[in-house]
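Asker: For reference, the chains in residue letters:
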Amino acid sequence: MNQLVTDRSLLPIVEKVKNNERLTLEDGLTLYRSTDLSTIGMLANHVNLEKNGRNVYFIQNLYINPTNVCEARCSFCGYRRDPDEEGAYTMSMDEILHYVAERYTENIREFHIVGGHNHTVGFDYYLDTVRVLKEAYPHVVIKAYSAAEIVFFAKIAGLSFREVLEQLRAVGLETLPGGGAEILNEEYRRKLSPDKATAQEWLDVHEIAHEMGMKTHATMLYGSIETHEERIIHMLRIRELQDKHQGFMVFIPLAVQPKQKTASIRMRTAAFDDLKTIAISRLMLDNVPHIKAYWIDIGVQLTQIALSYGSDDIHGTIIEERISHAVGAKTEAGLTRDDLIFLIKGANRVPVERDTFYNIVKEY
Amino acid sequence: MNERVIDNFDDIRIKVKNGERLSFEDGLRLLKTDNLLALGQLADIVRYRKNGDRVTFIINTHLNYTNICQMGCNLCAYAVKEGDNDAYALSLAEIEERVIGLSDRGFSEIHVVGGVNPNLPLDYYEDLLRIIKKHNPNIHIQGFTAVELDFIAKLNKLSIKELLERFIAAGLGSLLGGGAEIFDPTIRRIISGHKSGAERWLEIHALVHSMGMKSNASILYGHIEQPEHVIDHLIRLRELQDRTGGFNTFFGFAFHPENTKLAAEYQLTGETTGVYDLKMLAVARLMLDNFPHIRAFWIAIGQKLAQVSLNFGVDDLDGTVMEENIFHAAGSEAARMIPKESFLRMIRDAGRIPVERDTLYNVLKIY
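Residue numbers (numbering that gives the first Met the number 0), protein chains in the order written: chain A, 0 to 363; chain B, 0 to 366.
I should point out that these hints are in silico values taken from the structure, not numbers from a laboratory.
Idealized CB from N, CA, C, for every residue including glycine.
Some hints could be false.
When the alpha-carbon atoms are kept at most 25 angstroms apart in a straight line, the in silico DSS-like pairs for lysine-lysine are as follows [said to hold, decoys possible]: (1) A:50 x A:329; (2) B:31 x B:16; (3) B:339 x A:329; (4) A:133 x A:50; (5) B:80 x B:49; (6) B:31 x A:344.
Pulled from the structure, derived: some chain A residues nowhere near chain B, Cβ distances all over 12 angstroms [stated by the list, open to error]: (7) 20; (8) 122; (9) 126; (10) 200.
Going by beta-carbon spacing under 8 angstroms, a handful of chain B positions derived as facing chain A [stated by the list, open to error]: (11) 36; (12) 303; (13) 310; (14) 343; (15) 348; (16) 352; (17) 362.
Could you build the full structure based on these sequences and the hints that come with them?
Answerer: Structure follows, in structure tokens:
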């Protein structure tokens, strides 16, 4: 494939990828500097086909956001509210069950639960949420609370991270979503998410979860003030932790959604950046099984194209997405299973419905 | 895992590098491939050879003078019958109001297209062209598809040549590429039964070219066509272009199923998908070796896909770009407009050079 490489500075990386050698920080930067998107995509596509063949995964899941009250004020967020602010809500257990009952169908295999850092309710509220849902839907996997929320619970409950995770697991928690990672860089977090878990705390929570035998998810929120170097270091910190326990199932780059233009978030990410970031994630994270293209943030068309740039997972049906849509995501809030299958088949790949842990439910 | 052999098009790549013409079979293989990136890279070789790193765009506006159409094409959701609630034909006074000051607002082109409306007399079209020119002597009027010309000529018992001469005298600058749909007769009959046949469409463009006028060409894809019909369509265009050299650019219209009879009849639900949009552009770039330009409409495929298309053979993004202040004043028009700064950034982020052009691809400004 060397003859196809337009940007000759990529040739050493092409060799490394062919030989399954690990890429360095400098390699990552070279990839970001290059405008030879086709070569970067081909490399990522090669790695993905080696790891996942032609399978493209999706899940039938339901998003549940029990509260939007949040003590943290992250500048990329349009979802959070103060307790007394217009639009603030905190669902009671009955309301949560009612919300789910209205939307539940028998093929839903996962509840994806995230909310705010709501300091007006105690840790019990969060435990109860998991408990009542698990009791009502014992066969549905509970994927709940980002590491940032776990850190917040530890603080309000006066417990260690491990104790928080153990108590949650005892009532039905099975995996952590990947949110709250933003960019794993202290300087960035001081500027954009100063009230939330530090980078080290985020990593610590996932490490403890992995030690407990839990599989989890990892994200990266890109497209605001961070440099390319900070993105690559973010990936390397995930890769380093992954070397220890292989606890991350998937890496999910999330494009920042710029509803209110601020000093830090001025525009929607460019498609080149979206595809490059997916491809570079695939190349840098050689020890993470899956790379997800999140259609909520980059749109269904680009998601389909991303399947040729290293992504093998298009997430799920969702039913009703709120957080990205609160900051102006222009996509639908949910898709049907048939929409997802159509999308994957149009890319000449094999649609595979999965459960949370990437066990195959059905091939289409 | 990976048992399937991936076609990297080694033989086709040699042809492309040597500037050899691709065959019908080559086209089919390219269009059916699952190696999207290899296809894109081949198209990119041709794009670079023909147009370098320049990406052109135009500051233009549209005038849809009527939506009344007697064709009743199954593919269409725009046309209505006379007497329908939302039927309209703009009066000349309404048109005049819309076109005053277009040049001052920075538009170098107006794109005039409508339905096939039997109630409009020949004078109407000539006056429409004259009114635009009266208020904007320097604007280029790119107007009418071959289908509209064919209909207007028949209705007024003129030859196409006579009609064109009158339109040119009134201010017409070049002909639109629409109405080509799919040339294959079986498909064409189903999707647009009463429309001018493929031969007629091609004949009209040949005539336009012989009169020294330029035009564009298109395809309507994403409905019931098979890969064979797409490649056949491209090869017919390539053959005409060999004879006349009159086509500037080729573009695709993705079929939108909502509110069309075709979608209801054939249970077509999904929109075309991003991958097929990119394949269409890349295959066109490779098959249409004698077309100077391949265009993607960012309005139709979205800004993100438009940017990616620059890696799949595209060198032109059409319009409609506006200065920021006009953009915000545009109100409901804004969905079809994009501020110039973000448009330029989209091109630069792809490593390309933004170039503002006029209708005939003369360079107006390099950014």
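Asker: Does the nearest C-beta of chain A fall within a distance shorter than 8 angstroms of the C-beta of residue 310 of chain B?
Answerer: 5 angstroms, holds
Asker: Just to be careful, I want the Cα atoms of residue 31 of chain B and residue 16 of chain B compared with a cutoff of 25 angstroms; is the pair within it?
Answerer: This hinted pair holds, its Cα atoms lying about 21 angstroms apart.
Asker: Using 8 angstroms as the Cβ threshold, decide whether residue 362 of chain B counts as touching chain A.
Answerer: Violated. Min distance 22 angstroms.
Asker: Against chain A, is residue 303 of chain B within 8 angstroms by beta-carbon distance?
Answerer: 4 angstroms, holds
Asker: Hint check: residue 50 of chain A vs residue 329 of chain A, CA-CA at most 25 angstroms. Holds or violated?
Answerer: 32 angstroms, violated
Asker: Let me know if the C-beta of residue 36 of chain B comes in closer than 8 angstroms to any C-beta of chain A, holds or violated.
Answerer: 5 angstroms, holds
Asker: Are the Cα positions of residue 80 of chain B and residue 49 of chain B separated by 25 angstroms at most?
Answerer: 44 angstroms, violated
Asker: So is residue 126 of chain A really clear of chain B, every C-beta pair being over 12 angstroms apart?
Answerer: The claim stands: residue 126 of chain A keeps its Cβ more than 12 angstroms from every Cβ of chain B (closest is about 41 angstroms).
Asker: Checking one constraint from the list: CA of residue 31 of chain B to CA of residue 344 of chain A, max 25 angstroms. Satisfied?
Answerer: Roughly 13 angstroms separates the two Cα atoms, so the pair holds.
Asker: If I take the minimum Cβ distance from residue 122 of chain A to any residue of chain B, is it greater than 12 angstroms?
Answerer: Non-interface label on residue 122 of chain A holds, nearest chain B Cβ at 41 angstroms vs cutoff 12 angstroms.
Asker: Holds or violated: residue 348 of chain B as interface residue toward chain A, Cβ cutoff 8 angstroms?
Answerer: 4 angstroms, holds
Asker: Can the hint on residue 343 of chain B be confirmed by a CB-to-CB distance to chain A that is less than 8 angstroms?
Answerer: 12 angstroms, violated
The earlier numbered hints that this structure contradicts are 1, 4, 5, 14, 16, 17.
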